[in-house]
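Number of protein chains: 2
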Amino acid sequence: MAADADGAKERRSIARELKRGSLELIILHLLSPGEAYGYEIVSKLIAETDGALELSDGTLYPVLYRLERGEFVAVRWETPERGVPRKYYRLTEKGREQLERLKYEWTTFANAMRSLLDQDRSAK
Amino acid sequence: MAADADGAKERRSIARELKRGSLELIILHLLSPGEAYGYEIVSKLIAETDGALELSDGTLYPVLYRLERGEFVAVRWETPERGVPRKYYRLTEKGREQLERLKYEWTTFANAMRSLLDQDRSAK
DNA sequence: GTATAATATCTTGCGTAACAAGATAGATGG
DNA sequence: CCATCTATCTTGTTACGCAAGATATTATAC
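Chains P and U are the protein sequences, given in the same order.
Yeah, the first sequence ends on 142 if you go by this note's numbering, and it's all consecutive.
Yeah, the second sequence ends on 142 if you go by this note's numbering, and it's all consecutive.
For the record, the hints were derived by calculation from the structure and aren't laboratory data.
Just so you know, not all the hints are guaranteed correct.
Identical chains share a label here; the pair holds if one copy fits it or two copies do between them.
Computed cross-link-like contacts, DSBU-like style, restricted to lysine-lysine with a CA-CA straight-line distance of at most 35 Å [to be verified]:
no. : residue 1 : residue 2
1   : K105      : K121
2   : K62       : K105
3   : K62       : K112
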């Protein structure tokens, strides 16, 4: 049905917009316990949020490259005896600071939204 | 100082990204108690969030136009005896439904983020 | 009376981020 | 040898927020 299709498309695009500005935080956060490689990050995120948050590899790699360029993460290639080579990412000190800062920015914004939305708008 | 300037610029740009996907919700919410005109919406938002959330008119009008095109808001011009003509916006029924839906989408996303960030990442 | 500021709306152009789609390549299994 | 899985990377599209500027009317100041 058209209504379903449109609804789904629109819902996807809302989720897409909401993620803007949050993905770097998400990824830095997922890297905070230790190093991980790209595919691992994708599955970690889906697992730890029960699918509430997702990202595709086509989204992830550009973000990782951005983080690498900004020296928020450092990189190490590992070629296992069997299997495809993996690129492991880990937080730098600068990345850890950025994580704290982004967490603060996000929380501040979310709290402002929350308190605005919680106001009863029917009684002025 | 360069560090301060960069920090401020970066903070602004983070706030900018975070707003994506939230502005429609914010505006629909501000219109829910009754009609308002553009400039009024801007000052309302700043006042009600103590400046934590802001938007400029150059941002607002395109969003209002989008909402109008989607029939989420209806429009009425008013030319007061003294003063510049004002364009008043009010929610339609469809707009009220959209408001509920966006509120749900936003809350779902924010809760997922919150619960992810609240996890202690140092203990795997 | 003429600047200047304030109120109010609208438009253009830019930068950037998320993502779909597809390319690449080695490993595994039938 | 063909398909499928793991894993990474690239290209192009789309849409949004916003800075900057245009326009018009009214109010204030000099």
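Cross-check of the supplied hints:
Proximity of K105 to K121 under the C-alpha cut-off of 35 Å is restricted to the intra-copy arrangement: shortest distance 25 Å within a copy versus 39 Å between copies. Proximity of K62 and K105 under a CA criterion of 35 Å is satisfied intra-copy only: 16 Å inside one chain copy versus 49 Å between copies. Only within a single protomer do K62 and K112 lie at most 35 Å apart by alpha-carbon distance; the minimum there is 23 Å, versus 38 Å between protomers.
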